[in-house]
Every structure is written in structure tokens, then in C-alpha cells.
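2 protein chains.
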Amino acid sequence: MPSFSSYKNPSLAADLVVFGYQQGILSILLLNRNTEPFKDQWVLPGAFLLMEERLRDTCARVLKTKLGMDDLYLEQLCTYDEPNRDPRGRAIAVAHYALVNPARFAITAGTMANDVKWFNVKELPGLGFDHDLIAADALKSLQHKILHYPVGFELLNDLFTMPELHALYECILDISIDRRNFRRKILDAGYIISTGKKREGLHNRHPDLYEFNKELKSIHLSF
Amino acid sequence: MPSFSSYKNPSLAADLVVFGYQQGILSILLLNRNTEPFKDQWVLPGAFLLMEERLRDTCARVLKTKLGMDDLYLEQLCTYDEPNRDPRGRAIAVAHYALVNPARFAITAGTMANDVKWFNVKELPGLGFDHDLIAADALKSLQHKILHYPVGFELLNDLFTMPELHALYECILDISIDRRNFRRKILDAGYIISTGKKREGLHNRHPDLYEFNKELKSIHLSF
DNA sequence: ACAAAAGTGTTGTTTTTACACCCATGG
DNA sequence: CCATGGGTGTAAAAACAACACTTTTGT
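First to last, the sequence lines map onto chains A and B.
In my numbering, each residue's number is its place in the first sequence (first place is 1) plus 3.
In my numbering, each residue's number is its place in the second sequence (first place is 1) plus 3.
Some clues are possibly wrong.
As the list claims (entries may be wrong) - Here are the simulated lysine to aspartate or glutamate pairs, EDC-like style, with alpha carbons at most 16 angstroms apart: (1) Lys143/A with Glu173/A; (2) Lys11/A with Glu55/B; (3) Lys11/B with Glu56/A; (4) Lys148/A with Asp177/A; (5) Lys217/B with Glu157/B; (6) Lys11/A with Glu56/B; (7) Lys11/B with Asp135/A; (8) Lys220/A with Glu78/A; (9) Lys125/A with Asp135/A; (10) Lys200/A with Asp211/A.
The hints are simulated quantities; they were obtained by calculation from the structure and are not laboratory data.
All values derive from a computational prediction rather than experimental measurement.
Please build the complete structure, drawing on both the sequences and the hints.
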């Protein structure tokens, strides 16, 4: 059987848009590069695919070694192949996005970066490569995903309140949603289960605590 | 600036799910391979990416040289990277789908294939590589796309009737839709424009001819 | 005049939206 | 007992689904 050895192939990388939600803000994790090209500019984390590796393993490797993160929700987004997107040569990127509850991890800069930082998705700096485009596409994709898959599960704590889930949806979709109609739609969808407990220690009425319905695979919401 | 020359990279291919709609049937174009691997089996058309080429150019090249087709609607679908998907070695495929009105082209087998044939999407043979999976994913994606983008434009003639558009939607979504409610939704969406003309030569009432509203970029339909 | 298929209209139901109201908590 | 925020209910509007009726054509 013939093999591919005669072909010359572009480099192949997995790039990651890591979304985190904390204090009512949706953020993306960016690295500040300490090598050319785009030295001292902010970019998405990523790595080149190894021959024996699957793309999601490449992503997991980046999350683990560059960011100290484990076991995140991961979704393939799109493949970016503009020939001049990397000044070092032809490089094709398969973009993914990951969802993380930042409270669970303390991030630290790896060897390739000066710094690692969360940026509010509404206040992103100009990014190196074509990462502005990738980040924008990822946000659109997440906004769509949240209507069809219980994404809150990945971004909130195991127990959470209705106002917390409500704020998450308003933040990600960047719209305002009537809290009472929101409650009804979420409950009708069977999205979450009441635990009977309440969140204590707040300065007014203690909201009910819910957990996600793990039986549920897909949902349909519209706002 | 460093380059990538030290990395060894997998082969990168563009694979194509070419959808055609004719006589009320949605079909996919398949090739019968005349070389190993998967000799004499049906597979999706595809080609390896050349270094100076963009993925959509690879697709266009396949459509032109293997199938004699030009200027088709093309959409990137997903990237398939299972390490053993190609027995010749590590090969990653970026799948795309194309939409074509088969009436416009006479297909002919290229040098790589014994035969080229349209297959009803509901009666696909077992395919080589992981192309069963790719074809199934492409159909799902098309079913979603048709609700948000005026896809009929690519699959029908420039002038078409409401019953023709109705049949297309029923076929692609694989559901039955009340023709009167369908008409109302399509017209309310501003999807199409009445031309005042009528389709002649039928054995009963001559239906109105419409054309697509080219101003329209995205739509929202639900059935 | 009839059958077949296409255009038009109506009605009841469900879903969505926009609110009003009451309850619990801390100060 | 008041301000704040959270839980519950309701009525109007919009969207949807199911269906009847009329019109045009070829035979």
C-alpha cells in the first residue's frame, strides 16, 4: 500500500479559546508571547499536533502543561487555513474552545509566555495571528451552544441558584432576559433539579439551590 | 524568525460531501475507488492540500478536475483526526459540503475512480475510511443550515415554485410540513420574491414562480 | 363536469411576553 | 418596618397547527 511520504504538509496546530465565568464576567484566557513572532502580544494558547496525538489530546496537553488545567469541556470549532496567518510559514489551526470554572484553578505562565491572564470578552486587546477572528467565532459558537446544551454545568459550581444561572445566560448571550420567564423556561426544559437547600449568608431572601440534571443530553431554549 | 521545518506533520486532506437535489431526492456524489486502500468501495471525493493552496481551493480543484463542476456553494464542516482513519498513515481530513443542482452538470469519473454516481442519502452504501460518519454529520449540518440560510437558492433553478421549495424542505428535513403553513412562514421571512410569472405546461393549476431574495443573508425558520 | 393541485382564509391552541404581587432576609 | 432581591401567578399578544374553501388547469 502506498504511503504519504512524498507529500509536503503544512504544520498543524490546535488553538484554544478557554472561556471562564466569574463574578458575572465571561473571560478568555490569553498568553503574552515572549518569542517572535508577535513577541509581547497577547494570543490564544495552542500547540502543534504531534504525530501520534489526536487534536483533543493536543488541547488537553496545552491545558495541562501551559495552564495547569484538567478535565475541561472541549469542543472543536473550525479550521483556519489562511496561508499567511503565521509569518513563520504555512500553518493550519484547528480551533477549539474549552469551558472552565476559574475558581478551580490557579493559572501560571509556562515557558513560552511572559504572562497568562483572563480578559473580559468585551474588552479584548488586539491579538496576534488571526486570533481576533478565532475568539469572535468561538464566542458566537458558545452563544449558540448554550441554547442547546447545558453549558452552565461547566461554568458554575455544582450547586447554584436561579439568579446565578440567569446572570450567566444574560452575560454570555449579551441580552437581558426577564428573570421570571427565564425561570419558567429553564424549569420546563428539565434543565435543573431543585435540591431543597438554600444559599445562606446573603443580605436578603436566600435563593434555592439547584443542581444540573445529568440525564439531560440536549435542550432547546430560545430567548 | 524560526520556521517549522523540524516538525513532522500529518497529511492534510479536504473531503467533500456533494449534495444534489433532483426529482424530489436528495443525493450525495460518491466515487468508486480503483486503487487501494478501499479498492472498489464507494468513498467521498477529496484531495490532499497543496502547500500553496487554501482548503476551499482544494475543494474547488476536486470539484473541477474530478467532477467537472464549478462555482458551488461550499461550507466547512468539521475536522476528522482519528489516527487510524486512513490505513496508509496519519491523515487528517477537513470535511466540507457542497450544494449543486445536478441538472447543471454531467458528471464523469476521473483517473482515480472507476465510477462516479449519485446516491440517495437514505440509501447510502457502506463507505470506505470514516466517510459514513462524515456523510451523516454533513446531512445533520445541512438540515440545520436550511433553517438559517436560504439554501434552496443553491439547489433549485433560478425560478421555482412554492410546491418545489416545499418538497425540498420536506425532503432535506425528512419530515412532512403543512403546505399552507409552510407558504406563510417562507413568505413572512422575506425569503423569496414573487415574479408574477407562472410555471406553464403542468396538468393542473399553474403555480406562481418565485426567485430568491438576494438581499437576505440569514433567516430563521422552524418546522 | 371532474380530478388534481395550487392559492387563500379561519379558528382554536400553545407559546411567549410583559407585568403585578407576595415572601424572606438584614439592617 | 423598610429596602432589596427572590419566588409565584396572570392576562394580553404573538406564533403555530390544523383544517375548509376557492381557483385554475387538463381531460
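Each hint, compared with the structure:
no. : hint                   : in the structure
1   : Lys143/A with Glu173/A : 14 angstroms, holds
2   : Lys11/A with Glu55/B   : 11 angstroms, holds
3   : Lys11/B with Glu56/A   : 12 angstroms, holds
4   : Lys148/A with Asp177/A : 14 angstroms, holds
5   : Lys217/B with Glu157/B : 12 angstroms, holds
6   : Lys11/A with Glu56/B   : 12 angstroms, holds
7   : Lys11/B with Asp135/A  : 28 angstroms, violated
8   : Lys220/A with Glu78/A  : 15 angstroms, holds
9   : Lys125/A with Asp135/A : 12 angstroms, holds
10  : Lys200/A with Asp211/A : 6 angstroms, holds
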